[in-house]
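Participant: We have chain A; now place chain B onto it with these hints.
Protein chains: 2
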Amino acid sequence: MADHVPGSKVDVSSIACGRLTINLSALAENYRLLAAKVAPAACAAVVKADAYGLGIEKVVPVLVQAGARLFFAALPEEGRKVRRLLDAMGASADVYVLAGLVPGTAALYLDEGVIPVLNDLAQVENWARLSTERNGTPLPCALHIDSGMNRLGLDSEELERLLSQPQLLAALDLRVIMSHLCSADEPDNSLNDEQHTLFSRALSRLPKSAASLANSSGIFLGQRFHFDLARPGIALYGCNPTPGKPNPMHQVVTLEGKILQVRGIDAPQSVGYGATYRVTGPGRIATVGVGYADGYLRSLSNKGRAFAQGVALPLVGRVSMDLTTFDISALAEGSLKPGDWVELIGENVTLDEVGHTAGTIGYEILTDLGRRYHRVYEDA
Amino acid sequence: MADHVPGSKVDVSSIACGRLTINLSALAENYRLLAAKVAPAACAAVVKADAYGLGIEKVVPVLVQAGARLFFAALPEEGRKVRRLLDAMGASADVYVLAGLVPGTAALYLDEGVIPVLNDLAQVENWARLSTERNGTPLPCALHIDSGMNRLGLDSEELERLLSQPQLLAALDLRVIMSHLCSADEPDNSLNDEQHTLFSRALSRLPKSAASLANSSGIFLGQRFHFDLARPGIALYGCNPTPGKPNPMHQVVTLEGKILQVRGIDAPQSVGYGATYRVTGPGRIATVGVGYADGYLRSLSNKGRAFAQGVALPLVGRVSMDLTTFDISALAEGSLKPGDWVELIGENVTLDEVGHTAGTIGYEILTDLGRRYHRVYEDA
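Protein chains in written order, with the working numbering: chain A, 36 to 415; chain B, 36 to 415.
Derived from the structure by calculation, the hints contain no laboratory data. One thing to keep in mind: the hints can contain errors.
A pair holds if it fits inside one copy or across any two, identical chains being indistinguishable in the list.
Claimed, not checked - Only pairs whose alpha carbons sit at most 20 Å apart, straight line, appear in this in silico DMTMM-like list of lysine to aspartate or glutamate:
#1 K372 x E160
#2 K372 x E192
#3 K372 x D228
Chain A on its own, in the form it takes in the complex (with noise of 0.2 Å):
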């Protein structure tokens, strides 16, 4: 909390107006009982996104310190920025990018150390023309076959393709094949074995090398879905992967906003833009720096609630961009004032129930938050 302003005797954390807080120890943590439920598989860890929002500099180091020798990012930039923070801690571990040898990539892959999950049957065959080009040395991949999510992967006419030319991935270095489950976070779906029944087929036909089909909630489909290598994101983080039962995950982010003013309400009053709230009787309404230029959603807007001395203080009006209200009239006057702090997110407001409220699903609402929050990083 010492942090100053370069050059300035101010301290940041006494002017900022919202607050970040990422406990490394609960990511960590989180990290080992994951990597424990999949065992003897091996468990990757999701870093895409800037590790969620929660800064890649903070932590792939808590994740190599806690066992992950395996990453996955979404894109190039973001790889390039894995590996680098890799070999600069001497950590020797492989690092992915999910988006693929897209036109414009190859020196990326080729210089940086990366590698790249190939997508389509064209990325395949220019990355074996490059292995060739270069002395035949095979380069690194994964290979991405598509299952039934239609987004990203061979499809199954290209896989056909693929296996007619047993030359292709003679030429390379396939080090993890791979699928994406599209209904994993609904245990019930048919969807999950047909995913299931499509991926062994593919695997079968293919070079034996890692398989890895469970994303988060995927790990809790059962062992049959972990084949030899997991690759968790969101749960790290501490969303729930098992929606509708206990989160097993432990909490990783507290977000609060500072009172910048509270207000006593007597007569019948609209609140905020549009006036979209009116208070009806006597009460207060505290007036929170953190708005939807903060990714506190806007669509929060009269539903959210924030918490404070054990109580639950509801939105109301709607969220501006830098500035939110809450009616705090069920707490004491007095007991909130400005420069107080309010929970929008933890351990009573959760991430996911911050989703649900705002129409989304908490991994939005992670990777969207701001940029302009005081950042705490807890180490045990």
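Facilitator: This is chain B only, laid out in the frame that chain A set:
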């Protein structure tokens, strides 16, 4: 576009999966248009939320060049950044912070030359006390009178108490008296007149100072809302301050997503998470490397659209964290391929449209624009 990854041969523009182009000439033109409209009143520029997501470092110099001499930031830390940037440029302009003199921030306002907007009586008292303690040199400030927003600013009771202690304002260098409209985007809403009346009444009882009421939409409510100083924000950045009428502003932002994969669909199949979209006939789906972690809101799922080669392309399936799928069947086979760009926000799919489709407003789309885009600043 010649950006290179530090220490690498790789060109960032070639590996990016999203490209955000910011037209600085249009931004300058928007400022000049608004300044001309409110003249002889002065025209400030609101640059909170990192200049509505477009980058303070790039936006502020352009606005200074266009004539802006007064800036508003939301948070103390933002104000400090703008102040230092202006100082480095040698620009003489004032920077106000809307969050005001929150506990813990006095040192910043005293040491960094940033001016607080005083939002309640306690803030006025504290700033007057600090003025007196510092050899009686009146400290600069703005005063925020609430006229119906019930969010920040002195309410009517606090205003009476302030007026009963004239020594408080006498101790201060009161430069701006302001209030904020809550329904300026609805010209026929009677709240606008009510707020105008309340604000005018307060002005008549306070010491003479520059009066400011109009935000972007307020500027278009007519000259009597302009007072001495207008404070446009969103209109500078191209959103329509006159909903329901043609947009008088120039488009500033273009967002493009790169196609990572094109897939032919023959038989009926579902697309994406939860299988929420089912392709019925033969067609083609393009997967684009932009998702909700980039601020491309998940609420656009199955509703948004992209634009390419003169054709609108429906968003199909759910927006996922790093990827979004579009139905490109309306274009001839082969006309879009991996590596090509499609417009997600721009001339054809406006910020306001994207906001409306996502169930929110263009403001939120703008301020949530992610950090993974390759940013291109265009100047005339």
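Participant: Name the hints, by number, that the structure is in violation of.
Facilitator: 3
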